[in-house]
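Since chain A is already given, all that's left is putting chain B on it; use the hints.
Protein chains: 2
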Amino acid sequence: WQADELTGSLKLIDQTVLPTQLKHIDGNTVEHIWEAIKQLKVRGAPAIGVAAAYGIVVGLQPLFQPGADVSRGEFDQQLAKVARYLAESRPTAVNLFWAIQRMEQVAKDHPQMSAADLQKRLLVEAQAIETEDRAMCARLGEFGASLLPANSGILTHCNTGGLATAGDGTAFAALAHAHAAGKQIHVYADETRPLLQGARLTMWELMQRGIPCTLITDSMAGQVMKEGRIGAAIVGADRITARGDAANKIGTYSVAVLCHYHKIPFYVSAPSSTFDLTLLEGKSIPIEERVSTEITHPGGVQLAPTGANVYNPAFDFAPAELITAIITEKGIIQPVTEANVRKVLSA
Amino acid sequence: WQADELTGSLKLIDQTVLPTQLKHIDGNTVEHIWEAIKQLKVRGAPAIGVAAAYGIVVGLQPLFQPGADVSRGEFDQQLAKVARYLAESRPTAVNLFWAIQRMEQVAKDHPQMSAADLQKRLLVEAQAIETEDRAMCARLGEFGASLLPANSGILTHCNTGGLATAGDGTAFAALAHAHAAGKQIHVYADETRPLLQGARLTMWELMQRGIPCTLITDSMAGQVMKEGRIGAAIVGADRITARGDAANKIGTYSVAVLCHYHKIPFYVSAPSSTFDLTLLEGKSIPIEERVSTEITHPGGVQLAPTGANVYNPAFDFAPAELITAIITEKGIIQPVTEANVRKVLSA
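If you're matching them up, the sequences are chains A and B in order.
Mapping the first sequence onto our numbering, position 187 (from 1) lands on 187, and the numbers just tick up by one.
Mapping the second sequence onto our numbering, position 15 (from 1) lands on 15, and the numbers just tick up by one.
Looking at chain A on its own, in the form it has when it is part of the complex (with noise of 0.2 Å):
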């Protein structure tokens, strides 16, 4: 966010460009954020919701004409546009319609705040959310840092990262932090087919803060573990049941498996906000199935036979016995059990 409340715009990375492109988008409309939401140019549950926040305040500002009078009715009327409006860019982003909510709540508390006030204190809100979202990170990487090994090489898998967040990440503020604390690791990277998140997205931020990194396909994970060169893996998760079942990009569960195999330690890094309490069961979770163009157009060139058929699951997940720690803001869960991670989150 750059400026004040009624000339400022957001700055965001478009991320379907990278890593070929760094391409700025210059969220000065809510038309602008909308679209980039739409577009997968932001992505990542904390990052959308962050970019929401923003979005409100953003499609206020019309409002705002020199010399304007703006009374509380207009304004309330255009809040409740512009949050409709917001709504619709990505339909099943649990974050998205959270911040909404959290920045109309702001609204409802305050009945008798005038238009240019509230206009003002709906910018240090979308400043707090992301503010809270950079202290969650920052959490997230001091625990994760401090169960990785030194001098080691770290497996992970999808992408994590400041893309996915408005701090450092999940899992791979772990990564981050270690780094900078000079623990000497080394990365491998999933390419996380189908749709490369690892390649695209993991590997250029790793390269950005010159942390050391590999990338590898998601069927060398087993060759690089028994070449003895990883130490631990650490991933992020979706969804999270009660008994610490952890849902993630496909891929996660093979990956919990070979570390199970080779005496790896297998950590998950989300927010407590990724916890699901009303589900016990990894395989209560609804598990999305997307198009299989995703499979056979690798990069857009289609390198299967037309009409082949194709199992496309978005995610899998890692059941609590295949995970040696699961950390939170709120600390670190270990060993997974239903009674930790009640523990833990209610701290």
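Don't take every hint at face value.
Now the stretches of chain B that chain A is said to cover, found in silico as 3 or more residues with beta-carbon under 8 Å [what the hints assert, rightly or not]: (1) 53-66; (2) 197-203; (3) 223-233; (4) 294-308.
In short, the hints are calculated from the structure, not lab data.
These numbers were taken from a predicted model, which means no experiment stands behind them.
Backbone N, C-alpha and C fix where the C-beta goes; we use that ideal spot for every residue, glycine too.
This is chain B only, laid out in the frame that chain A set:
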């Protein structure tokens, strides 16, 4: 092969344009066949050997112009020239040299034969090499199919089919045979990054034969096993040691570990010529590392940062402990021990 020893030619499928195009190459000059081998239009050790044997015959045809009276001296000179030329097409292909030497040996064994008769005899030898390869594939198919469970999903990795051999392939032959025998199998094909032989070639062969099949990314193998979809896995091998450690396409080791964890039988199918009894352990097998662009540019499109560090081993090996049985044309090696390897191979 079509027509006789003087006018015949070798018809090949151009594997480089599969699966989006089915293009045949007319191997009617030795230069065409040389190019096909060089440019990987024909690949797979047995298939290369067969192509080279026919290449010798084609390369001698220009001697036999209408009315020409070819002397044995001229013939032997041209044979040596063609053999040397073909041997340069792929300098590391063991089967290529083996096939060329076998053709040259025929000439040496028949010093008194006329050029015209020897040309006929060389075509017979090339056909014998092809026939033996087909018979080997058929035996591998029968033995392999006898091990595969009925009404079951079968996982395979890389390509081991008719495109790599003159017959039905090695591991692929077991799938083809089980299907033909009405075993009601459903094949899950790993796409096999980085070069996608599973997506491009195995899926094409499976669909050509009407074998029910589904393409998955390598990272999904664990998930389909956990879902109970897989009753057995079967793969080929590039080299097998005396104790039964089997080197094969990268990712094979991970499949073997995942099978072990899920208590799923893991089979290797390979001709006895694949065994290298001078080596005891898999770790003595040198592992070829290939260019990084295979990983950074899937489908020829750059999808990793410029300058990204890459590790690209072309092979790994499944240790004997993780292999339920090795299928050879001489019989089934089970359990996989050095004693059993030597016993079956010397049968």
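Structure-based check of all given hints:
no. : hint    : verdict
1   : 53-66   : violated (count 0)
2   : 197-203 : holds (count 3)
3   : 223-233 : holds (count 3)
4   : 294-308 : holds (count 14)
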